[in-house]
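The primary structure of each chain is shown beneath.
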Amino acid sequence: MFAVRSLGFTKAIGKRFASQAVTRNPNFAQVNDADVAFFTSVLGEKGVLTEAHDIEPYNADWLNKFVGQTKLVLKPTNTKEVSEILKYCNERKLAVCPQGGNTGLVGGSVPVFDEIVLNLSKMNKIKDFNATSGVVIAETGVILQNLDEFLKEHGHCAPLDLGAKGSCHVGGNTSTNAGGIRLLRYGSLHGNVLGVEAVMADGTILDGLCALRKDNTGFDLKQLFIGSEGTLGVVTAVAWLCPPLSSSVNVALLGTSSYELAQKILLKAKSELGEILSAFEFFDSHCMDLLLEDHKTKKNPLEDDCKFYVLIETSGSNETHDKEKLNNFLESTLDQGLVSTGTVAESETQQKDIWWFRETITESLRSKGKPYKYDISLPVPAMYDLVEKMKQRFSEMPEVFVCGYGHMGDGNLHLNIVAPEFSDKVLNTIEPYVYEFTAEHRGSISAEHGIGLMKTKSLHFSKSEPMIQLMRDIKKVMDPNGILNPYKVLPEKE
Amino acid sequence: MSLARVLVPVKRTVDYAVKIRVKPDNTGVETKNVKMSTNPFDEIAVEEAVKLKEKGLVKEVVAVTIGPKDAAEILRKLMAVGVDRSIHIETDEDLQPLAVAKVLKKVVEKENSDLVLLGKQAIDDDSCQTGQLLGGLLNWPQASFASEVNVEGGKAIVKREIDGGLETVSVQLPAVISADLRLNTPRYAKLKDIMAARKMTIDTSSLADWGVDTTPRFDVVSVQDPPTRAGGVKVESVQELVQKLKNDGVL
Chain A
134 MFAVRSLGFT KAIGKRFASQ AVTRNPNFAQ VNDADVAFFT SVLGEKGVLT EAHDIEPYNA
194 DWLNKFVGQT KLVLKPTNTK EVSEILKYCN ERKLAVCPQG GNTGLVGGSV PVFDEIVLNL
254 SKMNKIKDFN ATSGVVIAET GVILQNLDEF LKEHGHCAPL DLGAKGSCHV GGNTSTNAGG
314 IRLLRYGSLH GNVLGVEAVM ADGTILDGLC ALRKDNTGFD LKQLFIGSEG TLGVVTAVAW
374 LCPPLSSSVN VALLGTSSYE LAQKILLKAK SELGEILSAF EFFDSHCMDL LLEDHKTKKN
434 PLEDDCKFYV LIETSGSNET HDKEKLNNFL ESTLDQGLVS TGTVAESETQ QKDIWWFRET
494 ITESLRSKGK PYKYDISLPV PAMYDLVEKM KQRFSEMPEV FVCGYGHMGD GNLHLNIVAP
554 EFSDKVLNTI EPYVYEFTAE HRGSISAEHG IGLMKTKSLH FSKSEPMIQL MRDIKKVMDP
614 NGILNPYKVL PEKE
Chain B
6 MSLARVLVPV KRTVDYAVKI RVKPDNTGVE TKNVKMSTNP FDEIAVEEAV KLKEKGLVKE
66 VVAVTIGPKD AAEILRKLMA VGVDRSIHIE TDEDLQPLAV AKVLKKVVEK ENSDLVLLGK
126 QAIDDDSCQT GQLLGGLLNW PQASFASEVN VEGGKAIVKR EIDGGLETVS VQLPAVISAD
186 LRLNTPRYAK LKDIMAARKM TIDTSSLADW GVDTTPRFDV VSVQDPPTRA GGVKVESVQE
246 LVQKLKNDGV L
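Read top to bottom, the protein sequences are chains A and B.
Counting with my numbering, you get residues 134 to 627 for the letters of the first sequence.
Counting with my numbering, you get residues 6 to 256 for the letters of the second sequence.
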């Protein structure tokens, strides 16, 4: 299933990504037998993979869109091993691609050429949890869903939730400042990460695993590692602030006929549901069609097909209070004609089922064909305009599927275009238009997915040249040889 | 000729998706501060009754529940999916299947029901007795574990899920039918029906009003978690395997 690439190191990757063409940095060494022997002495044979069929899954991303050419995968079991590996790689000038759950969508988690994959899956212990403060300390490779289930046993939950939770790692979430469906309620990881333990490019271990809400002692260094996508250091452990589990959760799915009305519902929800609102997601009719086409046994929870679907979740501590607030809100959306139809989940099973519709869109897009995914922050009124404009641009290509969904409450659109094959024609119809539209509206070209390999050349649409230069300067200080996740995030200087 | 009334007894149980916990004193399952919902098999029974009504085979669907004050909540949810009338028999007592069946017999007589459709068992105690006991008390035929129900000419043709596969029986109405998992998929309630159900009245009475002897017939001695699964062990040779089996008394 995975394409086997046999490109020479000096060629561009894949003709389908003309705009991402990069060349291998000649300053990096190539892995040799002595290197493998060293790593084996540190990690043991179980921690070193060199056989082609063992390495294959580590070379390709989840979308099978970005495929690298590593010859070596290392799987450390503790921070000290990570430190020894990086110290050695820094001295030898061997490039390293840190890898967590490999669920990223911008090609940031797989090598471009022969960078050594440093896979952190084996560092998967939850080290400590304090129920009074709600702070959990976990190794980088703990899978988010496992953390969430552990926390639920202790009356708390993870501060974020996303579709990839069954595979993504807390270290990866931290390194990419992952967003998700609860950001509206719990805020971003920049606020919920209280401490980070990271290993720098030269092997220095930075133990910043503080579990304190307040600590104003010098520069807030952990922020450097949150969202820098493994280019400034390898995160090896995290301390997260986790919210108490809400005892009363309600999920409603509403159908409406226009994006205008969806915005009115959002405004109303924010003001009438207030502090109990925990998620506000939307998806268009194309998404629903896609889901039903891909999963023939599923039925639309609403009895009519609607142009827009809005998923509202409330989480609170008092069932009676929350139900009354929600029922009053829903009754008035019906009375005011904002909603044409809707339903409220009767049981946890129905809640999970309604969420299934929102969370499975990504998978179904992948089943449909070759997806081009755009994760854009825009002012809420302009969000769906971009989808409409994109549909118009593809009006002459009916074989291409366009849809929009996302975290409407945060102004984050997931625009998806699916083509039967990746092609320059499709890519050029989308880019740079999509980024130009975004820049015109002072939006972000990557709300939560990050830059990875995919968007380095578009970074300038959202960050000015002085800002990009400052990022390069910081990178130079922290990783003078540039071995950590090269070719990602920052564009090559022209 | 359509049936006048279908009675659907429903039970408020711990939500199916919640992880069940045994009380520390081993007297039962923890229900305080735990999310409660309609027993999923009863939801399926309601769905089937509503479908029969939509096919014109039944005139009225009546739901009944025996439980605490909060149990009224599930009746409201069910009225939003097509139950026409609901009866709430209030009690804080934990009733055993025979007691429930006796009360239901009185309800059937009062309501003059033509058919009783209920879930095969409740997911909190898994007794799977109420339907059968009720059939016995009423002296009505019964078809349990239904995965398909058809009503025609005064009979119900029911496909039953049994160990060996499927068995089709024909029962003369009136009868008791218990619903199994694959009978149907319960529908979502429509928003306007949910709002309307909030305003409907529920016929509420207390358990004492029905004059039934609900004395428990058995004592629950203890409730325990199943033993935790021990890890598997890899052996190096056939000899070692045989020795282990001998040591564990298996051979």
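Since the hints were derived computationally from the structure, they do not count as laboratory data.
Don't take every hint at face value.
Think about it this way: if two alpha-carbon atoms lie no more than 25 Å apart in a straight line, the pair counts; the simulated DMTMM-like pairs of lysine to aspartate or glutamate are [as the list claims (entries may be wrong)]:
1. A:Lys260 / A:Asp247
2. B:Lys195 / A:Glu224
3. B:Lys74 / A:Glu457
4. B:Lys204 / A:Glu464
5. A:Lys285 / B:Glu245
Footprint (simulated), chain A over chain B, 3 or more residues, beta carbon under 8 Å [as the list claims (entries may be wrong)]:
6. 31-44
7. 110-117
8. 191-199
Backbone N, C-alpha and C define an ideal beta-carbon position, used for all residues, glycine too.
Each hint, compared with the structure:
Under the criterion of a C-alpha separation no larger than 25 Å, the hint pairing A:Lys260 with A:Asp247 is inconsistent with the structure, at around 33 Å. Annotation: proposed proximity of B:Lys195 to A:Glu224 is violated, straight-line Cα distance about 65 Å (limit 25 Å). The straight-line distance between the Cα atoms of B:Lys74 and A:Glu457 is roughly 17 Å, inside the 25 Å bound, and the hint therefore holds. For the proposed pair B:Lys204 and A:Glu464, the alpha carbon gap of about 12 Å is at most 25 Å, so the pair holds.
Distance restraint check for A:Lys285 and B:Glu245: the Cα-Cα separation of roughly 41 Å exceeds the 25 Å cut-off, and the hinted pair is therefore not satisfied. Counting residues of the region 31-44 of chain B whose CB lies closer than 8 Å to any CB of chain A gives 4, so the stated coverage by that chain holds, three being the minimum. For a cut-off of 8 Å, the count of residues in the region 110-117 of chain B with a CB near a CB of chain A stands at 0, and the three-residue condition is violated. With 6 residues having a beta carbon nearer than 8 Å to a beta carbon of chain A, the region 191-199 of chain B meets the requirement of three or more and the stated coverage holds.
Checked against the numbered hints above, the structure violates hints 1, 2, 5 and 7; every other hint is satisfied.
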